[in-house]
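Following the hints, position chain B against chain A.
From first to last, the protein sequence lines are chains A and B.
Mapped onto the working numbering, the consecutive letters of the first sequence carry residue numbers 1 to 329.
Mapped onto the working numbering, the consecutive letters of the second sequence carry residue numbers 1 to 350.
To be clear, the hints were calculated from the coordinates, so they are not data collected in a lab.
Bear in mind the structure is a predicted one, so any value in this text is a computation, not a measurement.
The C-beta atom is built at its ideal place from N, Cα and C for all residues, glycine as well.
Among the clues, some could well be false.
Residues on chain A that point at chain B, a partial pick, calculated with CB under 8 Å [stated by the list, open to error]: (1) Q126; (2) F128; (3) F136; (4) L137; (5) L141; (6) L256; (7) V263; (8) S300; (9) W303; (10) R305; (11) R320.
Some but not every residue of chain A turned toward chain B, in silico, with C-beta under 7 Å [as the list claims (entries may be wrong)]: (12) E124; (13) I125; (14) I129; (15) A133; (16) R139; (17) F143; (18) V144; (19) L269; (20) W302; (21) I306; (22) I308; (23) G309; (24) L313; (25) I316.
In the SDA-like style, the derived pairs of lysine to any residue whose C-alpha atoms are separated by at most 25 Å in a straight line are [stated by the list, open to error]: (26) K325/B / E124/A; (27) K162/B / A184/B; (28) K152/B / G253/A; (29) K152/B / S301/A; (30) K325/B / F114/A; (31) K325/B / G111/A; (32) K152/B / L252/B; (33) K325/B / Y118/A; (34) K325/B / G115/A; (35) K162/B / V178/B; (36) K325/B / L211/A; (37) K325/B / H122/A; (38) K162/B / V176/B; (39) K152/B / L256/A; (40) K325/B / A218/A.
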Amino acid sequence: MTTLGVKGPVRIRREHAAVLVTFGLLVAMFAAGSIVYPAFGSGQVVVDLFIDNGFLLVIAIGMTFVILTGGIDLSVGAVAALSGMLCAFLLGQWHWPVAVVLPLVLLVGVGFGFGMGYVIHHFEIQPFIATLAGMFLARGLCFVISVDQISITHPFFTEWAQTRIPLGEETNLTPTVLIGLVVFAVAFWTLHYTRFGRAVYAIGGNDQSALLMGLPVARTRIRAYMVSGLCSALGGILFAFYTISASGLHEVGTELDAIAAVVIGGTLLTGGSGYVVGTVLGVMLLGTIQTILRFQGTLSSWWTRIAIGVLLLLFILLQRLLGSSRTRR
Amino acid sequence: MKAVTGHRLFWPAAVLVVMLLANLVVTPGFFSIQVRNGHLYGSLIDILLLGSPLMLIALGMTVVIATGGIDLSVGAVVAISGALACYLISGQEDQGAVTGVLVAVALALVLSAALGFWNGLFVARVGIQPIIATLILMVAGRGVAQLITSGKNINVNSPPYKLIGGGYWLTLPFAVIVVAVVVALTGLAVRRTALGMLLEAIGGNAEASRLVGIRSRRLVVLAYTFCGLCAGIAGLMISSNISTADGNNAGLWMELDAILAVVIGGTALTGGRFTLAGTILGALVIQTLSTTIYTTGVPSQVTLVFKAVVVAIVCLIQSPAFRAKVFRRRARPEAPPPASPAAADVEVNA
Chain A
1 MTTLGVKGPV RIRREHAAVL VTFGLLVAMF AAGSIVYPAF GSGQVVVDLF
51 IDNGFLLVIA IGMTFVILTG GIDLSVGAVA ALSGMLCAFL LGQWHWPVAV
101 VLPLVLLVGV GFGFGMGYVI HHFEIQPFIA TLAGMFLARG LCFVISVDQI
151 SITHPFFTEW AQTRIPLGEE TNLTPTVLIG LVVFAVAFWT LHYTRFGRAV
201 YAIGGNDQSA LLMGLPVART RIRAYMVSGL CSALGGILFA FYTISASGLH
251 EVGTELDAIA AVVIGGTLLT GGSGYVVGTV LGVMLLGTIQ TILRFQGTLS
301 SWWTRIAIGV LLLLFILLQR LLGSSRTRR
Chain B
1 MKAVTGHRLF WPAAVLVVML LANLVVTPGF FSIQVRNGHL YGSLIDILLL
51 GSPLMLIALG MTVVIATGGI DLSVGAVVAI SGALACYLIS GQEDQGAVTG
101 VLVAVALALV LSAALGFWNG LFVARVGIQP IIATLILMVA GRGVAQLITS
151 GKNINVNSPP YKLIGGGYWL TLPFAVIVVA VVVALTGLAV RRTALGMLLE
201 AIGGNAEASR LVGIRSRRLV VLAYTFCGLC AGIAGLMISS NISTADGNNA
251 GLWMELDAIL AVVIGGTALT GGRFTLAGTI LGALVIQTLS TTIYTTGVPS
301 QVTLVFKAVV VAIVCLIQSP AFRAKVFRRR ARPEAPPPAS PAAADVEVNA
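Only chain A is shown next, with the shape it has when bound in the complex (with noise of 0.2 Å):
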């Protein structure tokens, strides 16, 4: 309805002006930041956001596919920590070469979306139920595997885990942060340059006149939530990466973050209208709020959830400001 819309110019201004708000929240906080503690402004300290967060980055991209068709994906986070408990076992118990974890593990991810797509679509069982029986059983799977945290020993993932790739004179990169820009640069591609893309948006408007257009609503439906579980499976192999270890505790709460970001980042819940632009900035405002906590120091990481309970809030509220009735149900 939005982005198909014949009066698409004055809808994307106000769209765009989510996004807007969210970065400029994003610079102010930031050079907030710089301005009290010296060492923030630094190109490490923004590289680090996109380190810290990357698998986050990553899942709230997949999430943003699944919001923008008017649904909500409550399964990333147990099935991202799947799929660390698949690399660690596959991979330390069976001895698996990684070149068959790797695209197994994915395969999973893209398989328990389907799952839950294909009963969403066929047989009607809201979004919100089926990806939460999704979740449960996930998250059991994990404790199926091992009740404990598992250690990776593998080298490939050692080896991954201290890469890094110089940019400029203090500045590293590591092999996550590519990967996110990766993810990113295709999402956005996707999203707005195939037909999947524009189905997704037309779906999200509504789905009844998609499939008066003759647009394949199943179909899309069903991919949207595989690509969700395809990222939320690479955000698991990131986080595993990043901790070199996997635990069915892993990631918890992490569709909630997910969603947060996707929500900031100016996509409507309702679908059908937002950016995978937003997504990535929402992703940086939770970081830096993070950031920033743990450069003051004496502020208990219990603020962290309140700030981003404060912050969901101002933009639900901003939204609803320049808003629409869309909103509302």
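Chain B in isolation, oriented as in the chain A frame:
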């Protein structure tokens, strides 16, 4: 037979009975209830006692879902309520003083209701989607709970407080009595007055119900306030049962379990028709499942797998689309997608 299987409570009740019977096969003494020290003991009583918080939360959730909303913040409210009560009690000189405990409990419940009221304002007045409006408190609430407890677990040693979640009264667990009273009062309020019908009307079509003169906004705020209050009582029970306030883990995933209980009970998430009895059955199904897994010695975390399977089965069986496609394989033109359940419900209720 058709009348029995067609009843909306048939499937949740059948699942519950099957699970209880399965337990009886594994543990022969499962149904036995004994009286020890004037208290009732037995696995069934345990299920009721441990399931009390979930039943309460699911009860509040049912009312909210009936209005077409959802409340994701109940788990956080559970944590906040327990944290505040324990914080206040631990600050008193005599932790066993009844008045002090009553004040702490009252304040915790007022705060819980206020949090529910806040959710309701966002949904009804500001007009934000319920799932997002309550997401705010879900994210921030646990931080607030930790703020109250300063990130630590607060232990209390207070016999009157212990009564709420772990004590007995008239041979029955006190928590079960509380649940029974709340359920009975709620049942009376929604089924003996027009309140239930009004809530269903709002869930069916908020705009239409406003046009026929129902004060839908006020009722929606009331529903969320009630849900917050229920979560608050549940939070008191949970913290009282273990005499500890744990801002981080108390009520974790409670919102999901509560929503599941409602859905298993047969209330559609789209709003409209709701059933309190179904919700109680749903909560008992979930608690029985947990207890069953626990008694069979499987690691408790693996419960999640079984939960996923039960959820999938119950939801699929209740899905009209699934039944149409799988059970009745008659040729049907695959033209327009079926009307949403909510729309069907409105017709029934109109």
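Against the structure, the hints:
{"no.": "1", "hint": "Q126", "verdict": "5 Å, holds"}
{"no.": "2", "hint": "F128", "verdict": "7 Å, holds"}
{"no.": "3", "hint": "F136", "verdict": "4 Å, holds"}
{"no.": "4", "hint": "L137", "verdict": "4 Å, holds"}
{"no.": "5", "hint": "L141", "verdict": "6 Å, holds"}
{"no.": "6", "hint": "L256", "verdict": "6 Å, holds"}
{"no.": "7", "hint": "V263", "verdict": "7 Å, holds"}
{"no.": "8", "hint": "S300", "verdict": "6 Å, holds"}
{"no.": "9", "hint": "W303", "verdict": "7 Å, holds"}
{"no.": "10", "hint": "R305", "verdict": "3 Å, holds"}
{"no.": "11", "hint": "R320", "verdict": "6 Å, holds"}
{"no.": "12", "hint": "E124", "verdict": "4 Å, holds"}
{"no.": "13", "hint": "I125", "verdict": "5 Å, holds"}
{"no.": "14", "hint": "I129", "verdict": "6 Å, holds"}
{"no.": "15", "hint": "A133", "verdict": "4 Å, holds"}
{"no.": "16", "hint": "R139", "verdict": "5 Å, holds"}
{"no.": "17", "hint": "F143", "verdict": "4 Å, holds"}
{"no.": "18", "hint": "V144", "verdict": "6 Å, holds"}
{"no.": "19", "hint": "L269", "verdict": "5 Å, holds"}
{"no.": "20", "hint": "W302", "verdict": "4 Å, holds"}
{"no.": "21", "hint": "I306", "verdict": "4 Å, holds"}
{"no.": "22", "hint": "I308", "verdict": "5 Å, holds"}
{"no.": "23", "hint": "G309", "verdict": "2 Å, holds"}
{"no.": "24", "hint": "L313", "verdict": "5 Å, holds"}
{"no.": "25", "hint": "I316", "verdict": "6 Å, holds"}
{"no.": "26", "hint": "K325/B / E124/A", "verdict": "11 Å, holds"}
{"no.": "27", "hint": "K162/B / A184/B", "verdict": "24 Å, holds"}
{"no.": "28", "hint": "K152/B / G253/A", "verdict": "20 Å, holds"}
{"no.": "29", "hint": "K152/B / S301/A", "verdict": "12 Å, holds"}
{"no.": "30", "hint": "K325/B / F114/A", "verdict": "19 Å, holds"}
{"no.": "31", "hint": "K325/B / G111/A", "verdict": "22 Å, holds"}
{"no.": "32", "hint": "K152/B / L252/B", "verdict": "16 Å, holds"}
{"no.": "33", "hint": "K325/B / Y118/A", "verdict": "13 Å, holds"}
{"no.": "34", "hint": "K325/B / G115/A", "verdict": "17 Å, holds"}
{"no.": "35", "hint": "K162/B / V178/B", "verdict": "14 Å, holds"}
{"no.": "36", "hint": "K325/B / L211/A", "verdict": "20 Å, holds"}
{"no.": "37", "hint": "K325/B / H122/A", "verdict": "9 Å, holds"}
{"no.": "38", "hint": "K162/B / V176/B", "verdict": "14 Å, holds"}
{"no.": "39", "hint": "K152/B / L256/A", "verdict": "23 Å, holds"}
{"no.": "40", "hint": "K325/B / A218/A", "verdict": "16 Å, holds"}
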